[in-house]
Amino acid sequence: AVILDADGKIVSCAIDVAQNKMDVTDGEVPEDAASMTFKSTKEKLEEYGMKPASAIGKEWYEQAEAFEAYVVGKTADEVAAIPVETTDNGHVVTTDETLKAGCTMSISALIDATVKACSDDSAADFTGDAKLALTTSTSVDSATASAADGEDGTAAMYTSFAAVAVDGEGKLAAVCYDEVQPKVTFDEAGEITSDPTAEIKTKREKKDEYGMRSASAISAEWFEQNQAFETFVTGKTSDEISAIPTETTDNGHVVTTDETLKAGCTMSVGGMIQTVVKAMGLVG
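All residue numbers for the sequence shown refer to this note's numbering, where the first residue is 10 and numbers rise by one.
It cannot be assumed that every hint is accurate.
25 Å max Cα-Cα, derived SDA-like pairs, lysine to any residue [unchecked claim]:
id	residue 1	residue 2
1	192	167
2	245	179
3	109	151
4	245	135
5	48	151
6	53	32
These are calculated hints, taken from the structure and not from any lab test.
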């Protein structure tokens, strides 16, 4: 996630990775799969374990912070032009001495994600100063199941992302919320049967391809309802967002009972509220 100034230069950058893993043994998912919890790479801090293998003695989150600081003041084109080389083990590392002093890990994905964020066609505009924060929330979806009776099993670890810009009064100046729902399928031997190289689009990226419109009581697609939610929470504090009135439907969806929000967003908002509030809590 980035904040850009009027000239397209990065004012602030925040990077994180959802690197979710589930052990599958002989085609069976763990018995406690439904209650599994996941930390993002940045949330793991020292637990990630990169420091012992780092030539500069830096953990992943520390090297990510060095990258974030380095790209401030640069345009998307300048970030894309960061000089790199590929190591013998396939890692794409920088050859820029300034960046290399704080970041020696593979940065190809960091560069790609930052450039992509700079070009987001659904970005929110705001004026004034604000602090940027980015977070993730991952849970195991009910689609997760072991392989049985000749049918493939599924590991579905779904992640929500929230990037927030919070002003000096603790109000949301801008927000970008998104979700990604990758499904890994496997057979009874535990061999992966889905394509590990397939492109996985987020819900915002899918737009009408997601297919919610036909099932929506207000005939609105996911990205449109998401935009309505983003608009509704902008200008609010985390306490006000936490206090958005909701109810749980018979199928377990947490939907709003606020008439203004409901006019544009009738889908489940429980995870949206939770993740946006979590992101706002990271702003010091």
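Hint check results:
Restraint check for residue 192 and residue 167: the C-alpha separation of about 8 Å stays at or below 25 Å, so the hint holds. The straight-line distance between the Cα atoms of residue 245 and residue 179 is roughly 8 Å, inside the 25 Å bound, and the hint therefore holds. Taken as a hint, the residue 109 and residue 151 pair is broken in the structure, with Cα atoms around 43 Å apart against an allowance of 25 Å. For a cut-off of 25 Å, the pair hint linking residue 245 to residue 135 stands: about 14 Å separates their Cα positions.
Between residue 48 and residue 151 the CA atoms are separated by roughly 19 Å; this keeps the pair inside 25 Å, and the hint holds. Between the alpha carbons of residue 53 and residue 32 the distance comes to roughly 19 Å, so the proposed pair stays at or under 25 Å and holds.
This entry does not satisfy hint 3, going by the numbered hints stated previously; all others are met.
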